[in-house]
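Participant: Residue numbers (this note's numbering), protein chains in the order written: chain A, 1 to 710; chain B, 1 to 685.
If you are wondering where the hints come from, they were derived from the structure by calculation, not from laboratory data.
Treat the numbers as computed from the prediction; the structure is a model and nothing was measured.
No false leads were slipped in.
Below, computed lysine-lysine pairings styled on DSSO-like, alpha-carbon distance capped at 30 Å:
#1 K595(A) <-> K181(B)
#2 K538(B) <-> K143(A)
#3 K446(A) <-> K233(B)
#4 K573(B) <-> K143(A)
#5 K231(B) <-> K419(A)
#6 K156(A) <-> K600(B)
#7 K446(A) <-> K207(B)
#8 K2(A) <-> K28(A)
#9 K233(B) <-> K657(A)
#10 K231(B) <-> K657(A)
#11 K595(A) <-> K222(B)
#12 K121(A) <-> K431(B)
#13 K541(B) <-> K143(A)
#14 K222(B) <-> K446(A)
#15 K538(B) <-> K156(A)
#16 K541(B) <-> K573(B)
#17 K646(A) <-> K28(A)
#18 K431(B) <-> K603(B)
#19 K603(B) <-> K156(A)
#20 K446(A) <-> K121(A)
#21 K521(A) <-> K207(B)
#22 K446(A) <-> K231(B)
#23 K207(B) <-> K595(A)
#24 K121(A) <-> K600(B)
#25 K207(B) <-> K102(B)
#26 K143(A) <-> K556(B)
#27 K657(A) <-> K23(B)
#28 K231(B) <-> K23(B)
#29 K2(A) <-> K636(A)
#30 K378(B) <-> K121(A)
#31 K446(A) <-> K110(B)
#32 K23(B) <-> K419(A)
#33 K603(B) <-> K121(A)
#34 K156(A) <-> K143(A)
#35 K102(B) <-> K233(B)
#36 K701(A) <-> K2(A)
#37 K556(B) <-> K156(A)
#38 K541(B) <-> K156(A)
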Amino acid sequence: MKTSINIDIGGTFTDCYVVRNGQQYYCKTPTTGYNLSIGFMAALRDVASQAGISDEELLNQAESICYSTTLAMNTLIQRKGARLALLLTDGLTQTHVLGKAAQFIDGATVAETRDVAHASKFPPLIPLEDTVGVKERVDCFGKIVRPLDEQDVIEKVHRLILDGVRGFVVCLQYSYLNPVHELRIRELINEEYPVSYLGAVPVVLSHEVLPRRYEYQRGNAAMLNAYLHQSMAEELRTMADELRDRGFRIPMLMVHNTGGVAEVFRTKALQTYNGGPVAGLMGSVEVAKAHGFQNVVVTDMGGTSFDLGLVVQGSSRFYAWQPLVERWMVDQTMIETISIGAGGGSIAHMEDHPRRLEVGPQSAGSMPGPACYDQGGTLPTVTDADLVLGYVNPEYFHGGQMFLNKEPAEEAIREKVAKPLGLSVVEAAMLIRRVIDLKMGDLIYKETVMRGFDPRTFALFAYGGAGPTHCCGYGFRAGVPRVIVFPLSPVFCAYGSSQLDFVHVWERSRHMALLALGTQKPILDLAAFNGMVEEMQRSALEEVKTEGLNIERVHFSLELEMRFGTQPNFLRCTSPLLFIRNDSDVRAVYEQFAKEYADVYTRHTVMPELGVNIENLFLKVIIPREKPPMPVYPLKGETPPREALKGKRLAYWEEYKDFRDTNVYEQTLLQPGNIIQGPAILEAPDTTVVVTPGTRLTITKYLSGVLERI
Amino acid sequence: MRPTTSEILQRIKVTPPPPEEVKLANSLAPGDFEIYSEKLSNISVEAKEVYVRSGLSFFLRSGDMAIAMANARGDVVAGYCGINHMIPAIPATIKYILASYKDDPTVGIKDGDIFFANEGLYGASHNPDMLIVMPMFYDGELIAWGAAAVHEPDCGALEPGGQSAQCKNRYVEGLHVPPSKIGENFQLRNDWMEFFLNATRVPLMLKIDTGAKIAGCMTFRKRLFEIADEKGKDFIKGLFTKVLIETEAKARRRIASWNDGVYRVLLFCDLAGTRPSLIRVFITMIKKGDEITFDFTGTSPENEGAFQGIPSLNVGYVCMQTFTYYFHDLPVSNAAITPINWNFPAATIYNPHPEAAVSMAPLVDSPLLTGIPQAIYKAMFDSNERDIVGGPDGALGVGQVVAGIDQWGFTISEIVSRSMNGHGQGARMYKDGMDVFGMAYGPASGRQADVEDEEDLLPLLCLFSSMSPESFGHGKYRGGAGSEHCYAVHNVDYVVWVPVNMGGSYVPHSQGLFGGYPPPSAALVVVRNANVDEAMAKGEKIPTSLRQLVTERPLKGDYDIRDLFMPGEPIMKGGLWAFRTGMSGGYGDCLERDPELVLKDVKSGIMSDWSARNIYKVIIDPESHEVDLKGTEKLRARERKNRLRRGKTYDEFLKRWLQKKPPEEALENYGTWPDAKQNKTIIRY
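All chains should be modelled from the sequences, with the hints used to inform the complete structure.
Facilitator: Okay, here's the thing in structure tokens:
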């Protein structure tokens, strides 16, 4: 591969990672919210100049541009774009407003969940006045029990158009089983408002966005997709124009939250949600392989949030159990990344009763920011604690672009934490650090154990500006024996994009009995099951051909969501077989399910006598993409070069209950093979690595640093 | 031996820790309490996830359950509750086991034991609420207990669902099991399981739910032992003790910040089993210093039916709103309710004879759900937590049990979650209550299933399900709307339908607060021999609201608009029933409501023009659909004058009030009029 460009546009920074002729270049530039292409092009110019060429030359040489963003969601929240109407089955036209009743708990913390007096439901994506009932009904077998009243649909659509509506979302009961009414409604609307007319309106059908059971989630997915589509289409058009003008004529690749990429023309807008963190997680798979780790906890601690995901047995196969887009349940297949409010900007405050220190989830943000920013903030944050403890260099924050003031940090900690608890400022700062590290460590522990894994068999990757500063605290606390930090940490999501394969996920929702209730005999309808897999496989191959990809390289894997009897929750497991041909195959599929089930829920709940049912099928189609190899550097000696040692400064270590004069290194000057014994501090322009006492750091041939307890 | 009521109530309070454990609590290093109490909370969430995800019943899937961890003495130190009413049953049950079986060689308490309980007379809840508790021994010493409970959809009673209004004594209510060891060495005993499975209409559901409870308890055990491995068992003891001390101390401080006084709330139920009947609930709250005493003297006497309470469950019903509102930020622990004292006079509906049927206890306890907060809010209205004050949540639950053979050929007895989890939230002091916010019994968990989920599991077709207009108490801030639903029998010949009702057809059993209105009454609509399938197939009109069903009667069939009473009946294919549920109370004077909010409600259809004009005195211009502000102000000023004119002194009011008396047939279970003293012999057999 010659050149690949990978861009991740976040709320504050646009990250760019480029590989050209085996060399890697990266940069961060400010995101330009008013016109993303400006920040995008600035980033390209930056890396092009690093490579000694112009941005046009870079684009001409590029074989792919991979793109992920979180910004479309902001537009969604503002409800910009054309006014949409929602068509639901008559009598059930408030599904999206009722939100399965206690909607206010979706995406809420436990504390928020319990504080019902102050809770509120959130306004619907499409208001009730723009929602109409369609006279039709399909039942749980997919049987039409009430035919579609077409005249009624036409009249209602006409009225909505006159009222100012310019797009439609249709979500009818059981459309995932029998979409005939949804399809007919689109035909009717297209007949009334043909695409050749200026008044043509888009129609989004729920079964096409998410062909799965549960009308609330399916309707949310369809509405979100409709909104996102509008805002993203505009954003991408501007960017594509800019790129085309500069000579880049290949379709951009979009990062999907399923953990792969696809051409922009083969992408549903909703699939791009949370693409950045997912790219970071997926990128970790390759990095883990290179380092020889099978199981990895991937963590990203930034200013306001702490995200984590898991790589197990060399792959990231965990999908969100109840996926949310913002606070909307969607049930769409998404690689799971978990986020809590814990970062450098998290505010420490005293809870009154019981008297206890809390850190986060509120964040000081970037304005006014932590007290040490000296921008008017008076509340103590994690960054203030790190500064007071001597870990962060006040003159080298963000590579020296920002000066930190220790005095307001000490004052804030003294007033808000130390005095109320009767501690010294330093003790209070250390307590803030312990509490935030515990929160993150506990989350890691919970998320690994909940999936049936032992954290002691995992390595931990620490990304984000604050990750390397705290990873010894939260990583070792979670029981992980090895923690790894990287020079690419600040742009890791963009790097991750470069590691993604082409991936499409085809899914079908069908109730199919695998083992009989009571007798536990195999009763799977083999023809129906295999027919469905074949049908998905056929559709997938057609799509692959359309994208101009090589069919020879296609790899299929089948995942099944299964349950005992009519249990409310499904467990998604990887089928050992693509097709099920006989009773012995049925048993093999069950055994795999039972094993994974017992791992998570204990043996007490494995009850095949209830019958075993397949509910959802997912055919994952993967076409491997050529990936830039990780650069490898020759090993040097164990002793760091003299120029890497920047000097010493006092840092507080819990292990000694005191400050110690501590070696400070420039991370970028360390060489493969170097070993540093904690306590030590490594500084880089965008982060600080804290090596605690009793910890050893080894620089690998990839320039990553492996932290281990001695 | 059965414990006495006072023993049970004492067991619900925290057992004072021995001095050595207080010493351990005080020796926790700075930060340890912060860190590890958070850890206990996280463990509870994890245990809840394992429990809910691996169980089966509808109540479990909608999160209406409880899971908790207790210290060695049985006091709850952490938990996650969908329904908070199960909290008191945990310490009461564990303490009974400790008192009765710890030194009993025929039973004993060992690591790996599994105990079951569902008998209110021994401190548990009503019998469909089935509890599993497991002791945890670390290094040979009992250090904690795990506990998990849920309302199972059947317990082998007279009718499906486990709550039968027709029961005349406890012996026809199905399983009543005192705390009993049903498993050892982390294994359920097959003979016991066979006994349980033989005693219920849905044995497999009970089996998997029991397994899920054990899985939840095992999660507690696993995580707790990891802390013990790291910090030692003395640390665990100290941590648990500190949680209890801090929790009770905070509860006491909060109570102390409320106004001392005696607060009385009078409520009525209009149902006692299978027919309308008036029952009085008299709550007296004596708040002094950092303690509260609830006295129920003046409440109607016990009766011959199943509408009777159970002391531990009565306390549980007080817990519901306690942990949802005024103590929402405290750990889920019986330590928080330790400052509360109770008087449930014997031979009243809240403390009936031990032979009495009590499976309907949650229904007769519902007035506590609305009445207790009313008393507390009056005491705390000017405290620091005044923004928590509000009208009562919509506790009018119309549970719907559906039993029979489903469209897949399986035996079912299930509760329709949309019916229970569609309540409206009471108005708050600064905003309207949330519409259809969950379940008043535990709103932080009450999820309605998707119609596609419900219809997949039950042989029903949901014709409509929506917010119910005018289903709330009016006020400066209105209560949240409840919901209304209609189900037709579909794909099978019949289902047995058991509406589990708590009345409310004549008298709402909650009130508004500080001038807010109570919610309206409600009814059930049954259409037998209806032609739903035919009408649908022909594309004829299908009702989309309760009002339309009742007023237009678009479907053919025999319409029966009936009170909210039981028992159930078979509904044949094509037949249907409809109802509305969960109406909440309002807050403050309607004349102070922002006219624009009234307009918004009218426009959305949740409120009628009639209510806008006659209750809120808001004039909406029929042409512009805008508020006529001047006209509204005039109308409101006139109403204020009229109020003064209509006003009576208290003595005048009392004189008129005492002249009123309900018809004799309504007083069958009331007691003497008006003071509700016992006036007849209850025959038990």
